[in-house]
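Those protein sequence lines, which keep their order, are chains S and G.
Heads up: the first sequence runs through residues 1 to 64, numbered per my numbering.
Heads up: the second sequence runs through residues 1 to 538, numbered per my numbering.
The hints are simulated quantities; they were obtained by calculation from the structure and are not laboratory data.
Idealized CB from N, CA, C, for every residue including glycine.
Where hints are given, some of them may not hold.
Unchecked claim - Chain G is nowhere near these chain S residues, computed Cβ spacing over 10 Å in every case:
{"hint": "1", "residue": "N4"}
{"hint": "2", "residue": "P7"}
{"hint": "3", "residue": "P12"}
{"hint": "4", "residue": "A17"}
{"hint": "5", "residue": "E24"}
{"hint": "6", "residue": "L40"}
{"hint": "7", "residue": "I41"}
{"hint": "8", "residue": "I46"}
{"hint": "9", "residue": "I51"}
{"hint": "10", "residue": "L52"}
{"hint": "11", "residue": "T53"}
{"hint": "12", "residue": "F56"}
{"hint": "13", "residue": "K61"}
As the list claims (entries may be wrong) - Covered stretches of chain G, as calculated for chain S (at least 3 residues, CB under 8 Å):
{"hint": "14", "region": "138 to 152"}
{"hint": "15", "region": "404 to 412"}
What the hints assert, rightly or not - Here are the simulated DSSO-like pairs of lysine-lysine, each with C-alpha atoms no more than 27 Å apart in a straight line:
{"hint": "16", "chain 1": "S", "residue 1": "K61", "chain 2": "G", "residue 2": "K12"}
{"hint": "17", "chain 1": "G", "residue 1": "K200", "chain 2": "G", "residue 2": "K166"}
{"hint": "18", "chain 1": "G", "residue 1": "K271", "chain 2": "G", "residue 2": "K223"}
{"hint": "19", "chain 1": "G", "residue 1": "K239", "chain 2": "G", "residue 2": "K102"}
{"hint": "20", "chain 1": "G", "residue 1": "K94", "chain 2": "G", "residue 2": "K12"}
{"hint": "21", "chain 1": "G", "residue 1": "K248", "chain 2": "G", "residue 2": "K94"}
{"hint": "22", "chain 1": "S", "residue 1": "K61", "chain 2": "G", "residue 2": "K102"}
{"hint": "23", "chain 1": "G", "residue 1": "K166", "chain 2": "G", "residue 2": "K537"}
{"hint": "24", "chain 1": "G", "residue 1": "K387", "chain 2": "S", "residue 2": "K61"}
What follows is the residue order along each chain.
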Amino acid sequence: MALNTDPNIPDPDGFYAELLGAHEGLSDEASTALNARLVLILANHIGDRAILTEAFAAASKSEA
Amino acid sequence: MPLDDRYQLAFKLYPYERSADQDATGGPVRHPVVVMGGGPIGVATALDLGLQGIPVVLLDDHEGVGQGSRAICFAKRTLEIAHRYGCGQPMIDKGVLWNVGKVFHDDRQIYEFNLLPEDGHRNPAFINLQQPHFERFLVERVREAQAQGAPIDLRGKNRVDTVDVKDDHVVIDITTPDGPYQIEADWLIGCDGASSPLRKMMSLDFEGRVFEDNFLIADITMKADFPTERWFWFEPHFKSGDSALLHKQPDGVWRIDFQLGWDIDRKEELKEENIRRRLDAMLGPDVDYDLVWTSIYTFQCRRMTQFRHGRVIFAGDAAHQVSPFGARGANSGIQDVDNLGWKLGLVLNGTAPESLLDSYDVERRHGADENILNSSRSTDFITPKSKISHVFRNAVLDLAEHHAFARPLVNSGRLSVPCVYDGLPLNSPDALPDGPARTRPGAPCPDAPLGDGFLLDHLGGDFVLLGVGVGVPDQIEAEGLALRGLSVPADGDIMDRYLGAAKGAVYLIRPDQHVAGRWPSFDEPAIAAAVSRALGKD
Numbered sequence: 001m002a003l004n005t006d007p008n009i010p011d012p013d014g015f016y017a018e019l020l021g022a023h024e025g026l027s028d029e030a031s032t033a034l035n036a037r038l039v040l041i042l043a044n045h046i047g048d049r050a051i052l053t054e055a056f057a058a059a060s061k062s063e064a
Numbered sequence: 001m002p003l004d005d006r007y008q009l010a011f012k013l014y015p016y017e018r019s020a021d022q023d024a025t026g027g028p029v030r031h032p033v034v035v036m037g038g039g040p041i042g043v044a045t046a047l048d049l050g051l052q053g054i055p056v057v058l059l060d061d062h063e064g065v066g067q068g069s070r071a072i073c074f075a076k077r078t079l080e081i082a083h084r085y086g087c088g089q090p091m092i093d094k095g096v097l098w099n100v101g102k103v104f105h106d107d108r109q110i111y112e113f114n115l116l117p118e119d120g121h122r123n124p125a126f127i128n129l130q131q132p133h134f135e136r137f138l139v140e141r142v143r144e145a146q147a148q149g150a151p152i153d154l155r156g157k158n159r160v161d162t163v164d165v166k167d168d169h170v171v172i173d174i175t176t177p178d179g180p181y182q183i184e185a186d187w188l189i190g191c192d193g194a195s196s197p198l199r200k201m202m203s204l205d206f207e208g209r210v211f212e213d214n215f216l217i218a219d220i221t222m223k224a225d226f227p228t229e230r231w232f233w234f235e236p237h238f239k240s241g242d243s244a245l246l247h248k249q250p251d252g253v254w255r256i257d258f259q260l261g262w263d264i265d266r267k268e269e270l271k272e273e274n275i276r277r278r279l280d281a282m283l284g285p286d287v288d289y290d291l292v293w294t295s296i297y298t299f300q301c302r303r304m305t306q307f308r309h310g311r312v313i314f315a316g317d318a319a320h321q322v323s324p325f326g327a328r329g330a331n332s333g334i335q336d337v338d339n340l341g342w343k344l345g346l347v348l349n350g351t352a353p354e355s356l357l358d359s360y361d362v363e364r365r366h367g368a369d370e371n372i373l374n375s376s377r378s379t380d381f382i383t384p385k386s387k388i389s390h391v392f393r394n395a396v397l398d399l400a401e402h403h404a405f406a407r408p409l410v411n412s413g414r415l416s417v418p419c420v421y422d423g424l425p426l427n428s429p430d431a432l433p434d435g436p437a438r439t440r441p442g443a444p445c446p447d448a449p450l451g452d453g454f455l456l457d458h459l460g461g462d463f464v465l466l467g468v469g470v471g472v473p474d475q476i477e478a479e480g481l482a483l484r485g486l487s488v489p490a491d492g493d494i495m496d497r498y499l500g501a502a503k504g505a506v507y508l509i510r511p512d513q514h515v516a517g518r519w520p521s522f523d524e525p526a527i528a529a530a531v532s533r534a535l536g537k538d
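Modelling step: build the complete structure from the supplied sequences, incorporating the hints.
Have a look at this one:
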């Protein structure tokens with residue numbers, strides 16, 4: 001299986017609002033920590049090492 | 001307070017004329033419906049009711065439409081409604097038709113969308129048309145309808161000063177150039193805009209969210225080769241604002257919006273040399289242009305708790321206000337009118353109980369909430385309100401250029417589509433589970449080619465029973481209504497949009513072209529029950 005970069009989340013606007021809602025009122029430091037925990041939780045859910053490696057590469061390459 | 005104009009007029013559409021009501025001797029004259037406000041929503045309300053033969057008086061404190069393009073994007077649903085009123089074609093003829101939008105970040109295009117990716121519709125996703133023209137076409141249609149006997153009375157320079165709301169009517173005090181007079185209304189419809197004087201006279205609430213940002217609008221005329229598309233920049237490379245929007249209007253006019261931020265010197269920013277500095281940076285040094293209209297606006301998302309207050313009903317910006325991203329202001333107001341017109345008509349002629357008007361309140365609050373949600377989310381994306389939301393916003397923009405998954409997250413405005421009245425009281429349960437989701441009960445009917453024309457031309461104005469691949473009688477009686485039957489063959493776009501996996505279908509369609517119920521076959525008792533429910537009798 002390869003990294004899925006096609007749209008895969010139903011209700012994208014609702015998802016995005018919930019993501020930002022989780023950060024509402026947090027300091028920059030607390031937000032960064034929340035993001036780190038989130039990455040680790042989602043990475044564990046994915047589990048597949050090859051896909052995670054692909055995801056790291058995609059995220060690194062997209063930096064403007 | 002003197003009756004001076006608060007703004008300059010673009011078109012004088014309803015000059016003051018003395019009314020017989022001003023010379024009435026036997027007490028104030030009573031009218032079935034009075035509309036307060038002669039903007040697009042008020043005039044459309046008068047037109048809807050007048051075309052039904054219901055006498056309606058419209059009061060406005062000016063004699064026409066104010067200058068400034070203001071609302072420019074009119075959506076497909078608005079055009080469908082205007083077409084039903086008989087004034088869609090001049091709007092289409094004058095307007096700039098568009099379906100495609102492009103989104104840029106810095107100097108890169110990251111995303112392109114098509115708002116109408118299928119054929120078989122009379123109207124485009126959007127036209128751009130200056131608001132004064134939109135209002136002028138409505139009033140011209142009123143004049144035509146009046147000549148054919150529609151009982152519509154537009155009264156310019158008639159300012160409502162006070163209202164006295166009784167249980168079964170409203171007493172209205174009016175000032176004119178000839179002095180004051182009084183009339184009474186069985187029903188008063190408030191279409192008097194976002195700062196609604198009527199709402200204030202009745203001390204009604206209007207709560208919501210104020211966004212901390214300023215946008216500069218510049219309407220300019222120029223000769224330019226930009227295509228007829230909506231272009232939106234996040235953090236544009238030309239640095240004229242935190243975001244920028246470009247739209248084409250008729251007559252060589254272009255709408256340009258720049259996001260200025262919260263702490264600005266409004267007076268300074270509105271100086272012509274400062275506006276030109278921003279425009280020059282965007283357009284380059286060689287483009288000649290003239291400024292037509294400029295303005296700085298801030299915005300709110302808010303609504304009244306209730307739109308119906310006994311014999312007073314609010315519609316349009318008076319009832320709800322959104323940020324401009326998504327063109328959900330005027331377009332949702334026209335949907336209010338479409339929803340209210342037939343209900344008020346059936347209540348006034350005794351076919352439906354007064355409680356039908358509570359469904360206007362419920363359905364259009366649902367619509368307003370959807371518009372407020374969408375326009376708030378767009379605004380949060382365009383003007384991130386914290387450092388972390390800015391980081392996420394730019395991460396989405398960076399990813400969107402190369403990864404399809406991020407594109408649905410890019411939000412430069414979710415453009416107006418009519419809402420589906422899911423789960424609301426006038427709908428009957430869906431008896432066609434194999435049918436397409438887009439035509440479920442509560443949904444607005446999608447258009448489709450039919451014969452030499454289009455399906456929607458055959459719906460609207462009254463209740464219709466639509467048989468798709470199933471014959472229905474030309475007329476049946478139900479709940480005191482003469483239901484018009486329309487049988488169409490099951491083929492082409494109609495089959496895709498109304499049958500899906502079903503073999504045949506019978507639809508009950510409301511006068512505002514929303515689906516009230518649907519069944520696999522002609523089931524007369526079920527239809528009668530659905531009509532009763534759609535009339536607010538349950």
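So, going through the hints one by one against the coordinates:
1. Look at N4 of chain S: its CB is around 7 Å from the nearest CB on chain G, not clear of 10 Å, so calling it non-interface is violated.
2. Here P7 of chain S does not stay apart from chain G, with its beta-carbon only about 5 Å from theirs, under the 10 Å limit.
3. For P12 of chain S, the requirement that its beta carbon stay farther than 10 Å from each beta carbon of chain G is not met, with the minimum near 4 Å.
4. Not every C-beta of chain G lies more than 10 Å from that of A17 of chain S, the closest at about 6 Å, which undercuts listing it as non-interface.
5. Against chain G, the non-interface label of E24 of chain S is violated: not every CB pair exceeds 10 Å, the least being about 8 Å.
6. The Cβ of L40 of chain S sits about 18 Å from the closest Cβ of chain G, beyond the 10 Å cut-off, so the non-interface label holds.
7. Every CB of chain G is more than 10 Å from the CB of I41 of chain S (nearest about 17 Å), matching its label as outside the interface.
8. The beta carbon of I46 of chain S sits about 14 Å from the closest Cβ of chain G, which is more than 10 Å, so the claim that it is off the interface holds.
9. Every CB of chain G is more than 10 Å from the CB of I51 of chain S (nearest about 14 Å), matching its label as outside the interface.
10. For L52 of chain S, the non-interface assignment is confirmed: its Cβ lies about 16 Å from the closest Cβ of chain G, beyond the 10 Å cut-off.
11. Distance to chain G confirms T53 of chain S as a non-interface residue, since its nearest Cβ pair spans about 16 Å, more than 10 Å.
12. No Cβ of chain G approaches the Cβ of F56 of chain S within 10 Å, the least distance being about 14 Å, so the stated non-interface status holds.
13. Look at K61 of chain S: its CB is around 8 Å from the nearest CB on chain G, not clear of 10 Å, so calling it non-interface is violated.
14. Only residues whose C-beta sits within less than 8 Å of a C-beta in chain S count toward coverage, and the region 138 to 152 of chain G has 0 of them, not enough to reach three; the restraint is violated.
15. Coverage of a stretch by a chain is defined here by at least three residues with a beta carbon nearer than 8 Å to that chain's beta carbons; for the region 404 to 412 of chain G and chain S the count is 6, and the condition holds.
16. A hinted pair counts as satisfied when its Cα atoms are at most 27 Å apart, and K61 of chain S with K12 of chain G does not qualify at roughly 59 Å.
17. At most 27 Å may separate the alpha-carbon atoms for a hinted pair to count; K200 of chain G and K166 of chain G meet this at roughly 17 Å.
18. For a cut-off of 27 Å, the pair hint linking K271 of chain G to K223 of chain G stands: about 23 Å separates their Cα positions.
19. A C-alpha spacing of about 18 Å is found between K239 of chain G and K102 of chain G, which places the hinted pair at or below 27 Å, so the restraint holds.
20. Proximity of K94 of chain G to K12 of chain G is assessed by CA-CA distance (about 19 Å); at most 27 Å being required, the pair is judged to hold.
21. The hinted pair formed by K248 of chain G and K94 of chain G meets the criterion: a straight-line CA distance of about 12 Å does not exceed 27 Å.
22. Restraint check for K61 of chain S and K102 of chain G: the C-alpha separation of about 23 Å stays at or below 27 Å, so the hint holds.
23. Taken as a hint, the K166 of chain G and K537 of chain G pair is honoured in the structure, with Cα atoms around 24 Å apart against an allowance of 27 Å.
24. Distance hint between K387 of chain G and K61 of chain S is fulfilled; the C-alpha atoms sit about 22 Å from each other, no more than 27 Å.
Violated hints, in rising order: 1, 2, 3, 4, 5, 13, 14 and 16; the structure is consistent with all others.
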